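Colleague: Chains as they are written, first to last, in the UniProt record's numbering: chain L, 1 to 189; chain G, 1 to 1004.
Any given hint could turn out to be false.
With a Cα cut of at most 27 Å, we get these calculated DSSO-like pairs of lysine-lysine [unchecked claim]:
{"#": "1", "chain 1": "G", "residue 1": "Lys757", "chain 2": "L", "residue 2": "Lys97"}
{"#": "2", "chain 1": "G", "residue 1": "Lys890", "chain 2": "G", "residue 2": "Lys757"}
{"#": "3", "chain 1": "G", "residue 1": "Lys699", "chain 2": "L", "residue 2": "Lys97"}
{"#": "4", "chain 1": "L", "residue 1": "Lys92", "chain 2": "L", "residue 2": "Lys42"}
{"#": "5", "chain 1": "G", "residue 1": "Lys340", "chain 2": "G", "residue 2": "Lys382"}
{"#": "6", "chain 1": "G", "residue 1": "Lys702", "chain 2": "L", "residue 2": "Lys97"}
{"#": "7", "chain 1": "G", "residue 1": "Lys52", "chain 2": "G", "residue 2": "Lys221"}
{"#": "8", "chain 1": "G", "residue 1": "Lys702", "chain 2": "L", "residue 2": "Lys92"}
{"#": "9", "chain 1": "G", "residue 1": "Lys791", "chain 2": "G", "residue 2": "Lys757"}
{"#": "10", "chain 1": "G", "residue 1": "Lys757", "chain 2": "L", "residue 2": "Lys92"}
{"#": "11", "chain 1": "L", "residue 1": "Lys177", "chain 2": "G", "residue 2": "Lys266"}
{"#": "12", "chain 1": "L", "residue 1": "Lys41", "chain 2": "G", "residue 2": "Lys757"}
{"#": "13", "chain 1": "G", "residue 1": "Lys757", "chain 2": "L", "residue 2": "Lys46"}
{"#": "14", "chain 1": "G", "residue 1": "Lys16", "chain 2": "G", "residue 2": "Lys266"}
{"#": "15", "chain 1": "L", "residue 1": "Lys92", "chain 2": "G", "residue 2": "Lys699"}
{"#": "16", "chain 1": "G", "residue 1": "Lys382", "chain 2": "G", "residue 2": "Lys52"}
Just so you know, these hints were derived from the structure itself, not from any lab. As the structure is a prediction and not an experimental result, all values here were calculated from the model.
Each chain, written out:
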Amino acid sequence: MSEPVSALHGISDDHGLVRITELGPRGMITLRGDLASSAIKKAATKGTDLSLPGPGQAVLSGDDGVAWMSPDELLVMCAYDDVQARLARMTKATQGKHALAVNVSDARAVIEVSGTRAREVVAKLAPVDLSPDAFTPGMFRRTRMAQVAAAFWMHDDTTFRIICFRSQARYVFDLLKVAAQPGSEVDYF
Amino acid sequence: MSTRLATGGRLLSKDKALSFTFNGRRLRGFSGDTLASALLANDQMLVGRSFKYHRPRGIVASGAEEPNGLVNMGEGGRFEPNQRITTTELFDGLTATSQNHWPSLDFDVGAINSKLARFLPAGFYYKMFIHPRPLWKHVYEPIIRRSAGLGRAPTAPDADTYEHFHAFCDVLVIGGGVAGLQAAKAAARSGARVLVLEQTPHWGGRAPVDGGTVDGKPVDKFVEELVSELADMPNVTLRNRTMGAGVYDHGYVLGYEQLGDHAPEKPGPRHRLWRIRAGHVLTATGAIERPLPFAGNDVPGVMLASAVRDYVVNYGVSPGDRTVVVTNNDNAYLTAIALKYAGLSVPAILDARVLPTDSPAMEQAKALGIRVLMGHAVSSVKGGKRVTGVAVCSQSGEGAVLEEIACDVVAMSGGWSPVVHLWSHCGGKLLWDETQAHFRPDVDKAPIGADGHGFVTPAGCANGVMQLDAILADAVQAGEIACAAAGFRARHSDAPTAEPSGETPMTPVWMMPQGAGIKLRSKAWLDYQNDVKVSDVQLAAQEGFESVEHAKRYTTLGMATDQGKLSNINGLATLAAARNVAIPQVGTTTFRPPYTPISMGAIGGEARGDVFQPLRRTPMHDWHAANGAEWEPVGHWRRPYAYRRSGESTHEAVMREVRNTRDKLGLLDASTLGKIVVKGPDAPRFLDMLYTNMMSTLKPGKCRYGLMCSENGFLIDDGVVARIDDDTFLCHTTTGGAERIHQHMEEWLQTEWWDWKVHVANVTEQYAQIAVVGPNARTALERLGGMDVGKDALGFMDWAEGTLGGFAVRVYRISFSGELSYEIAVDASHGQAFWDALMVVGADLGAMPYGTECLHILRAEKGFIMIGDETDGTVIPQDLGLDWAISKKKEDYLGKRAQARSHMADPTRWKLVGLETEDGSVLPDGAYAVAAGENANGQRNTQGRVTSTYHSPTLDRGIAMGLVLHGPDRMGEVLEFPRLDGTTVKAKIVSPVFYDPQGEKQNV
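I would like the entire structure built from these sequences, with the hints used as guidance.
Modeller: Here's what the structure looks like:
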């Protein structure tokens, strides 16, 4: 098998207010089921030191992470190469239960926006209250950026990680470049 | 003449001179000037021509309400028409030209219309051009359209960029005058997040010009301290040059920030559209002075009294040497006093009121030696392109001239109207205030939010509170109401105290003089920009346009770019008088956002150029681009239409791709096809409901083609379903259908079958999918090796998982071309590498990529339908001869009941057939087959239409599919299809399967 190639080959840009980088392939699994059940909890977190996130939240540690997507859906994140093993574990954990675990790693791209103006660059595109009091690391938001679906969390207080569809990675990257154009400081946060 | 004064101009930096041009003339101004004040400083009072009569028009106002001062700004990619000079900040190098005249501003041929005014009354166009009917479209309308309009349309692409910004706050204050600032402070003391928007570059609104003292300090000092106090509060954001443009449901407000208009050399976006969610909205939008309706009130030099003192105080500009003030209130006396202090002459104040004793303002004016004429009015204004004097009369008379006073400016004031626009945008109601003769917000009928409570609170002048001391108290109260409404506890602090002004009430004046005859009334303008006069509104009333909304449209009152900011109240008072009803009975027209026009660029935001649309790209997109792909948009995807080689036309490329795929080996990027995983114990039952055919009987390892219908029976999608295991299916959809069908599934699961155990996930983009098609397909895959793709191991309509060339793959033995064909799914991150591997092993097998047009021809030769070609939302599977894919055994499926309705079972529904032209040519797409006779509209009757049509290189002739009345029963009959060029082409009805009807080629 070839080396996995992410949508934008890991390009980055730092000509504007923030640094924009496409991160390489990342393992992602959509896990649907009864989030209150122990099977789902086990499927999502077994083998990690993570707990289950509440609505609007993500629990992250290194490559691993679990994000709350909807009342019956989680996004489990891991290293790209771990996906098959994790899927196998999940399938085992949910044996006999009504649940779905499916690999979506290649269907997505992850783009990082970092810098002190990261909040305002993202706020130009997403209808989300991104003031430091309202959105903090540990939170996770499914939303849109301009015309496409996106989800993001804060890796630290000045870094966003944005998940978008792979086919739209170029669009999202270019959008962020426009939103970060020099001279477009907002100074709102 | 108007000129720059030696002193004054509180907003100017006189050490910073700027140069600009107007109609090519090089002029000078100062930093801090508006274009209007700089033009006045250069004695340029005449700034444009009116819309209809091409009357000379001068500057009337000093702010957003200006109707006349609209110019073409900039050049090339920065050219923009209809820019308001009173709100345009001067910058070095600004270029502007006046509008709506030919050949020049000073001499305009169109002014002949003014002489014809008697023949161009309200509704002129409607009356004049209605007969004869056909002339309207071909003669009248083109001429009228050419003569209409103010500025020119830009021709070059916009050189600037724009953006949006999503902001959230607890209290949004619109307006940075004393009321807005004081209210912001009152709200911010609670800890609420407060955002203050001010449309101008300056804080304090009118107060610094109009004067007064607050807490013993001059009001401008008070404003300065208040702004710096607010700026220091961490929970307060102040934005000037940002207009509150519109208030919408749920506390949604649009703000319009002009970042680059005053400094075009600055990098960054020109405008920013603020998309604000506010807990509560506070409108402190001030008030606008009303003109007085007297004859000749549109002659350049007739200005609002407040504007005259703004130009004197703010910009150190004298609009003229001699100013006659005409008023019905005390406020305009401030203008006379300001002019006097600036050393200018005020020959008289004509006050329409008759007061028992002098008001304090009158006393002050008289003390300065100004002649005050009570009960007097302007009979008419003298002058053409500039005021030369006024004829004075009694307000209560019919205009008999008592004396003439020479002057070059008339400063008029008809009272003040609160800016209720933003209050009204989302449904706030208004009250008529008799004393002040204006509409103000009815605070008991505020716009209602989602919680059933009002979400807008007005403050200050915008609330009809007109005196400084009362404004401050009202602002504190409004600020406390606003923060409480946003969920904070107000921390009360007493309002600062201002010295009461002791104004004597105004007297409404809706016509000057009161008994003006038709001659004067037809020279008394209400709407300057659209040329609507008092006589026009009266005519509208006389002709039965009683509703203010009808009268507005009939006369065009308030329909210009200023949306009637100066004309509305005078207009509806005129209408009320003409109808002999009270003003509140007439009511107002509807206030709609935006408050003043905002740029299209700001609305579009970042969506231009590369990011105009979110184009979707497959993992092999770059390869396609590098190999001659011509793109076809399919949804937001870009798919290769054909791969053109050098020296080839697109048509030749398509023909080559078809022949090569039929003869050798074609590769298609099919990654865009939708792929939806459906899993759960109820998944078989769920799919039986979604598809017309039976899916629950499909065995794991097998594929089946299926049709999906809406609950109305119409075909909405098709595709191949693969059963992965007992509980799991993978449903392929059309390229454009992936998101729609995923949503369709979720909707049924969430609303109707919420208790069924089914999960769905859209995994379309997880896979790169490649169709390997043609006689050499198997050989190519065998060369990659890793799994058995032979006929016995992987028969037609089987699928298998395995590896090929070291890639983990899922292989589907399905065919949309009629050839031996495999569709191979590989993780998207390996898609390009797998494609490359196929090109390598296929090199000597004739491997070539093919595009969507080739795909279409291959499927049409086989008679396979395409969603969107053979279907259009009105077609059911039975129309397409797909009865074999409709299960008779199932009790129900979506669409079953609808398909049993009489018109769905009607044997006269047009049905799918093949069409073969007699001369071998290609039928025009969408062409209709004509039948005998005409329908009720006098059109030819029809009996069928073309749904797909191509040149088939395989058969070397045109082939087509179409829907034809009783088509399948009419094999061999010849139909006539008229072409657009008037000729007719004949085509024979044949089977839609043109190629390999037995299916031998795909099943090898």
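Colleague: Each hint needs a verdict: does it hold in this structure or not?
Modeller: Now for the hints, and whether the structure bears them out:
1. G/Lys757 <-> L/Lys97: 10 Å, holds
2. G/Lys890 <-> G/Lys757: With Cα atoms ~20 Å apart, lysine 890 of chain G and lysine 757 of chain G stay inside 27 Å; holds.
3. G/Lys699 <-> L/Lys97: 22 Å, holds
4. L/Lys92 <-> L/Lys42: This hinted pair holds, its Cα atoms lying about 10 Å apart.
5. G/Lys340 <-> G/Lys382: Holds. Lysine 340 of chain G to lysine 382 of chain G sits at ~23 Å (cutoff 27 Å).
6. G/Lys702 <-> L/Lys97: Satisfied, since the Cα-Cα distance of roughly 25 Å is no more than 27 Å.
7. G/Lys52 <-> G/Lys221: 46 Å, violated
8. G/Lys702 <-> L/Lys92: Measuring from Cα to Cα gives roughly 25 Å; hence the hint holds.
9. G/Lys791 <-> G/Lys757: 37 Å, violated
10. G/Lys757 <-> L/Lys92: Given that 27 Å is the threshold and the Cα spacing comes to 19 Å, the pair holds.
11. L/Lys177 <-> G/Lys266: 18 Å, holds
12. L/Lys41 <-> G/Lys757: Holds, because 19 Å separates the two Cα atoms, which is no more than 27 Å.
13. G/Lys757 <-> L/Lys46: Given that 27 Å is the threshold and the Cα spacing comes to 24 Å, the pair holds.
14. G/Lys16 <-> G/Lys266: Holds, at roughly 18 Å.
15. L/Lys92 <-> G/Lys699: 23 Å, holds
16. G/Lys382 <-> G/Lys52: 21 Å, holds
Consistency with the previously given hints fails for numbers 7 and 9, ordered from lowest to highest.
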